[in-house]
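2 protein chains.
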Amino acid sequence: MALIVQKYGGTSVNGPERVKNVARRVVNTRRAGNEVVVIVSAPGDMTDDLIAMAHEISPNPPAREMDMLLATGEQTSIALLAMAIYELGEPVISLTGPQVGILTDNVHTKARILEVSCDRLRRELAEGKIVIVAGFQGMTCDNEITTLGRGGSDTTAVAVAAALKADVCQIYTDVDGVYTADPRVVPAARKLPVISYDEMLELASLGAQVLQPRSVEFGKLNHVVLEVRSSFNDNEGTLVKEVTELEKKMVVSGVAGDRNVARIALHDVPDRPGIAKALFVALARESINVDMIVQSAMRDGINDIAFTVGRDDLRKAVEVTERVRAEIGASKVTYNDRVAKVSIVGAGMITNPGVAADMFACLAEEGINIHMISTSEIKVSCIIDEEYLTRAMQALHSRFGLDKE
Amino acid sequence: MALIVQKYGGTSVNGPERVKNVARRVVNTRRAGNEVVVIVSAPGDMTDDLIAMAHEISPNPPAREMDMLLATGEQTSIALLAMAIYELGEPVISLTGPQVGILTDNVHTKARILEVSCDRLRRELAEGKIVIVAGFQGMTCDNEITTLGRGGSDTTAVAVAAALKADVCQIYTDVDGVYTADPRVVPAARKLPVISYDEMLELASLGAQVLQPRSVEFGKLNHVVLEVRSSFNDNEGTLVKEVTELEKKMVVSGVAGDRNVARIALHDVPDRPGIAKALFVALARESINVDMIVQSAMRDGINDIAFTVGRDDLRKAVEVTERVRAEIGASKVTYNDRVAKVSIVGAGMITNPGVAADMFACLAEEGINIHMISTSEIKVSCIIDEEYLTRAMQALHSRFGLDKE
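Taken in order, these protein sequences are the chains called G and W. So for the first sequence, my numbering puts the first residue at -5; every next one is plus one. So for the second sequence, my numbering puts the first residue at -5; every next one is plus one.
It is possible that part of the hints are untrue.
DSSO-like cross-link-like pairs, simulated, lysine-lysine; straight-line CA separation at most 30 Å [unchecked claim]: (1) W:K398 to W:K214; (2) G:K271 to G:K326; (3) G:K104 to G:K326; (4) W:K104 to W:K159; (5) G:K310 to G:K271; (6) W:K123 to G:K104; (7) W:K123 to W:K185; (8) G:K214 to G:K326; (9) G:K123 to W:K14; (10) G:K104 to W:K14; (11) G:K185 to G:K235; (12) W:K104 to G:K14.
Hint data in this document are derived by calculation from the structure and do not stem from the laboratory. Given the structure is predicted, the values throughout are model-derived calculations rather than measurements.
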């Protein structure tokens, strides 16, 4: 008998038919002889609707009361799912985050889980019940209701799985696993049976919107085996776990593309200490997330600094950069929002030199110019013109042996 | 400085403008130098919407999960009201029933309050905050969420007022007080400045839908002064409290009418012990609420039994009565759903004999036939043909000196 934690997102429980569908899956897992704990998100757009209601009352509502309001979303889901499972004849109980004892810090609207108490969960499981837990929410030691911020239900699922030492934490989404590339862009993409936490982290932050990076990190830290599955079919999913050296058969596991990229360059920057700091502190103050940064020595004592931001932030970022340019006496600011980022990810890269060179060669053969490069131990990313993104992804996917037979 | 508990119903917090309106009233009460605790219901039809959602999943959902679901309604209200008060610049905090420590028994969907803990409430008040409490909900000693059933928010308000020894518990509704009769039926009706708990109880159960009988009983037991007010104007309301003998100036305080009445009669019942029991046990098993019961000896050894039920229950009640008729050998069952109940209520009746006779005389003078009579210490009710209800109410209102000058 395995102990399985399942997490269903908001689209999976949007409306009575979908709730019943999830109930059937949960009951099937139980009847196959497993203990089951289920984490659910708020139905569909409920969280967004609640936020809109709050903003009709106050442009800037207190975070504590926001959490009080938002926590009703998951409470609605757990009650309805428990009813649907009860209707199928299985013993079941729903529990809010506070009822489970999901202890968080007191940073309302983006609290962090400090501890998950197992007492209540184990007691209900011991009574033979399926246990439904509200995702996204917890309680401070002062009995205050908190929420975990975006992707919080994934984090709840992984934290509960870690606390219970579950055999697997299945994350149900609208895709049935992690692919070597987005199949809409690269038709030859294959589903990966296994991927390492680190690769998943890189893919997650590169725009493969399957798992929240925070929950993958949490899984890695707590050795929780994750499985990404679809709630709309019965296909085998993708396991996310620690992959041993021997298992690293593929040098590159996936190719990712991201069009939400704009590149800004500050030209002819005097080569003095503190210049980069001035620029990036100013950007951080405006809550602008900077992704890649490249500084290149062009001539003696003069640099160019180039960096990328999300396109939503472009205008504000250009304004800030222009202000800094005037202060430090750089020559000009240029920007380009017709660029994209293409990346290859693979844990095998560490032990296979020449992968980056291979990537550059592949892009060169396709006649694609590279504007910026950034590397980590298991990833190489290049900024290219957006128009070439699809061609680049397909070429790299083929080059690194990822196309399906 | 007074400690005032205010309760606002669902219509008062339906939509952002109404929430802001309630916030202004609460803040005004606070700024007038009072400590304020506010109890709110779920917005508008939210409770009914949630029940409908549950029934799309299960025809008969488990009561515990129903409570889990329904409790989200009031949690939504308290968060939004707290945001609106915060927006007006007053310190405020919202608390769920469990957070306050409203301890109930474990009869889900109609739990009874066992105890209200004052610790958290007093601590927040001492910090100068307006405290918003979710009505209708509580927690068992096992940490389970419960709801109190219909009118539960009124009960929460009275229980919180009793626990805090509040100076007054103001119940805000869509009428601005308790009237000597429904002003839509009796245009001469006057608002009562004061009414006793017992009179209010009789009026409440006679169809004057102002206060839930349970909350009035609770107020009486705990000596909580209630005040019924409108949330849409600033008129003085009606105080509900213990009225001393000296204050009982009026013999009759109010006239009530109820059209939701159907009369059933079982004819030629053999006069044996256990017949009435057989009938009313059978009706109770079908959860049919019986109001008035009259048994009359017609001839030697043969009785008629007549009783009234709500019109929704008529068909089922006739079926049950027909079944019992066959078992016990009575002659026939008749029924009439074109009847109504007219009642006079007044604490002064106890010490003023002849009030009932006065009532019958008044109805006779109007040419209105009486089908059934039922009396208590402070109430006389008559079943009459429905077509005469308005005339009866107006005549009685005038007869007992209730018309406004």
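Do the hints match the structure? See the list:
no. : hint             : verdict
1   : W:K398 to W:K214 : 29 Å, holds
2   : G:K271 to G:K326 : 18 Å, holds
3   : G:K104 to G:K326 : 38 Å, violated
4   : W:K104 to W:K159 : 25 Å, holds
5   : G:K310 to G:K271 : 18 Å, holds
6   : W:K123 to G:K104 : 25 Å, holds
7   : W:K123 to W:K185 : 34 Å, violated
8   : G:K214 to G:K326 : 44 Å, violated
9   : G:K123 to W:K14  : 43 Å, violated
10  : G:K104 to W:K14  : 27 Å, holds
11  : G:K185 to G:K235 : 16 Å, holds
12  : W:K104 to G:K14  : 27 Å, holds
The structure is inconsistent with the numbered hints 3, 7, 8 and 9, although it conforms to all the rest.
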